[in-house]
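Asker: In case you want the letters, here they are:
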Amino acid sequence: MKPCGIITLTTDFGLTDPYVAMMKGVILSINPLARFVDITHKIGTGSILQAGLVIQGSFSFFPEGTIHLAVVDPGVGTERRLMALSAGGHFFVGPDNGIFWPIIEENENIVAVELKEKAYFLPHVSSTFHGREILAPVAAHLSLGLGMEKIGPPLHDPVQLEIPRPFEKDGYLWGQVMLVDNFGNLITNITSKHLAKFLESSQPLVEVGNLVINRLSRNYSDLEKGKPLILINSFNLLEIAVNCARASEYVGINPEEIVGTVVKVGKSG
Amino acid sequence: MKPCGIITLTTDFGLTDPYVAMMKGVILSINPLARFVDITHKIGTGSILQAGLVIQGSFSFFPEGTIHLAVVDPGVGTERRLMALSAGGHFFVGPDNGIFWPIIEENENIVAVELKEKAYFLPHVSSTFHGREILAPVAAHLSLGLGMEKIGPPLHDPVQLEIPRPFEKDGYLWGQVMLVDNFGNLITNITSKHLAKFLESSQPLVEVGNLVINRLSRNYSDLEKGKPLILINSFNLLEIAVNCARASEYVGINPEEIVGTVVKVGKSG
Amino acid sequence: MKPCGIITLTTDFGLTDPYVAMMKGVILSINPLARFVDITHKIGTGSILQAGLVIQGSFSFFPEGTIHLAVVDPGVGTERRLMALSAGGHFFVGPDNGIFWPIIEENENIVAVELKEKAYFLPHVSSTFHGREILAPVAAHLSLGLGMEKIGPPLHDPVQLEIPRPFEKDGYLWGQVMLVDNFGNLITNITSKHLAKFLESSQPLVEVGNLVINRLSRNYSDLEKGKPLILINSFNLLEIAVNCARASEYVGINPEEIVGTVVKVGKSG
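Residue numbers (numbering that gives the first Met the number 0), protein chains in the order written: chain P, 0 to 268; chain Y, 0 to 268; chain C, 0 to 268.
Read the hints as simulated data drawn from the structure, not as lab findings. A few of these clues could be false.
Heads up, the list lumps identical chains together, so a pair's fine if it works in one copy or across two of them.
Unchecked claim - SDA-like cross-link-like pairs, simulated, lysine to any residue; straight-line CA separation at most 20 Å:
(1) Lys41 <-> Asp180
(2) Lys149 <-> Ile252
(3) Lys115 <-> Thr44
(4) Lys226 <-> Gly74
(5) Lys168 <-> Tyr119
(6) Lys149 <-> Met0
(7) Lys41 <-> Leu14
(8) Lys41 <-> Gly183
(9) Lys41 <-> Gly13
(10) Lys266 <-> Pro165
(11) Lys266 <-> Phe166
(12) Lys266 <-> Ile231
(13) Lys168 <-> Phe35
(14) Lys224 <-> Ser126
(15) Lys266 <-> Pro31
(16) Lys41 <-> Thr15
(17) Lys1 <-> Ile29
(18) Lys266 <-> Met147
(19) Lys1 <-> Leu32
(20) Lys224 <-> Asn235
(21) Lys266 <-> Gln175
(22) Lys1 <-> Pro31
(23) Lys168 <-> Pro122
(24) Lys41 <-> Asn181
(25) Lys149 <-> Glu161
(26) Lys224 <-> Glu78
(27) Lys224 <-> Gly74
Model the full structure from these sequences, guided by the hints.
Answerer: Below is the structure:
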């Protein structure tokens with residue numbers, strides 16, 4: 000696989016500090032033609048699961064050979080490993096803390112290496128910002144065509160991430176809210192496949208917090224304004240929304256506690 | 000008009016979710032050399048008027064042939080149309096919901112088409128994210144030089160946007176606050192032309208909320224710190240500001256209700 | 000020194016308004032191949048010191064010949080001067096209000112000029128947005144290789160910035176908190192050199208607000224979760240942090256008042 004010169008960035012660094020810019024500067028100092036797309040820098044502090052799901056949902060929209068750099072690294076400076084991965088026609092560079100587990104789990108023919116070859120690091124490595132001193136320069140060298148095998152030895156046992164999966168029990172399908180997006184929509188872990196298999200020819204009856212919704216909509220304007228609705232979203236996941244309003248404010252749960260909330264799906268009609 | 004390879008983006012997607020990055024990935028997969036400038040992703044949810052004014056105020060600072068992609072699309076998935084527009088030496092791609100009306104109104108020799116030709120869409124079109132599946136790929140194809148006429152049939156009756164205009168009544172000039180910027184400055188819909196025509200040789204006496212200001216300043220430091228002032232800003236619009244402070248906090252109006260507030264201009268002196 | 004075509008941007012414009020995009024549009028209209036890296040647009044309103052320190056800490060990670068454009072300009076439209084600077088293999092363009100003083104102070108062989116030559120400005124200059132009408136176009140012309148001497152006369156007496164420095168008194172080393180980062184870490188003005196010189200072979204005993212910390216850690220995970228710690232960060236500055244939490248919430252000081260808080264370092268052990 001040939002790198003295409005595009006590097007995406009996903010971090011929990013926020014948008015106020017110069018940390019992201021420093022990484023871009025390091026990369027441009029090695030590959031002056033590198034081009035960047037920021038996926039997001041507003042991952043919750045240390046939230047490996049959120050970052051992993053965001054990268055999994057986004058990477059395939061980029062050209063083959065894109066390098067996805069992820070720095071959500073609460074263990075920086077400890078013995079945790081750093082890794083590079085090629086999978087599904089893309090490269091991934093980040094800590095070996097489970098952040099790429101959703102990619103590894105879903106792809107075959109993956110190659111993973113541990114970042115060990117110091118020739119591709121910055122000369123001075125601090126103990127608090129390996130994103131700048133190791134991950135960024137390694138991504139830059141990969142974008143120039145450096146072979147994975149040059150970076151370090153194979154990594155055969157990447158850290159796994161525990162990803163909550165929906166399950167059937169007592170005649171219901173149980174999932175949970177994984178993410179609240181900018182519009183206040185509640186994105187669950189229930190895929191359209193899960194739902195179709197569970198429902199067969201029935202209609203869904205979805206309960207989350209104090210909302211009860213009994214009909215699958217096609218889009219956000221399907222019901223009148225202010226009505227809660229469910230639909231299969233553009234990630235192919237069951238989503239709870241409210242037309243022209245924030246579902247997160249209708250569900251009767253403290254906004255900081257919505258992620259992880261149980262979503263109970265029954266059959267109706 | 001030849002595309003110059005630059006694509007600007009204006010959305011209400013915020014900066015946390017990967018939605019903007021997905022659109023950029025789709026564009027780069029079609030035109031690997033496309034270059035992006037984010038205008039803003041913090042348009043108020045569904046605020047077509049705010050997005051329309053922001054694009055109108057910004058587009059002419061870009062090179063000829065820039066493509067301006069706008070995704071503020073509360074009606075996604077309904078029967079609303081999607082459109083591409085060439086006007087004033089620039090291209091515009093977005094929903095036909097009035098977002099480009101300020102451009103259409105002010106320019107002659109516009110060409111508008113409805114997005115109909117599925118060959119330029121992503122193969123799978125969801126009912127909730129046409130920005131990614133239709134608007135982004137169409138913008139990418141335009142940036143490669145695709146003729147407007149290939150995208151779909153002419154669109155002769157674009158949706159119009161109701162834009163509040165200032166008016167004279169009872170010897171006063173009445174306008175309103177259209178936008179509060181990052182500095183808390185209140186940007187009105189009163190242009191320098193409106194003001195000059197109304198004032199003739201008089202001085203203005205401006206009232207907004209509990210502020211009364213009776214002199215036009217040249218810049219933000221014209222009066223002492225903490226004093227409210229009015230000036231003609233870099234958009235050529237009447238603006239209410241406070242030197243070294245946020246006018247939005249001096250006006251005595253709930254911050255969420257400032258947009259739309261009446262601005263009353265009288266003559267003094 | 001040859002420009003490399005990369006332009007960084009540091010402003011207090013925030014991420015909602017189109018002001019940054021307008022500057023990029025102006026630059027691309029002059030140099031269509033210019034490439035941008037945003038350092039941050041969330042500098043506190045008018046905070047020249049914060050902007051100066053952020054640029055000082057970041058610029059050297061970029062390739063030689065990068066142009067660093069800084070627009071934190073509370074005096075816009077007054078008699079304050081605008082300047083361009085070459086120092087340390089980089090260019091800097093911004094107001095002469097002290098923002099580049101940290102760069103000037105630390106570098107030899109600097110060249111500074113006042114921006115005077117109107118041929119390199121936009122044709123119309125407002126009195127409220129010189130970032131767009133003067134600084135951006137001058138940066139664009141510099142990126143095309145324009146010589147510094149063409150822009151205006153030498154500027155020999157740049158405005159100096161008062162930067163708080165640590166000092167020894169009564170057997171203690173006294174510093175202060177300069178910045179709270181996205182993780183709530185408190186970044187001080189005490190360099191590793193200051194600290195080593197003061198401590199000699201002793202251990203530090205650091206007091207800030209109601210925290211007392213008596214051991215230098217190597218990274219954020221060095222102590223158990225929730226314990227406050229001190230370390231030398233990736234800027235080579237003393238930093239107060241809490242493992243997996245926000246030090247800014249542990250220090251017992253109103254978050255808005257933490258910057259400027261005294262940090263007292265004694266010797267222990």
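Asker: Check the structure against each numbered hint from earlier and tell me which ones fail, lowest number first.
Answerer: Checked against the structure, the hints that fail are numbers 2, 3, 5, 13, 15, 18, 20, 23, 25, while the rest are satisfied.
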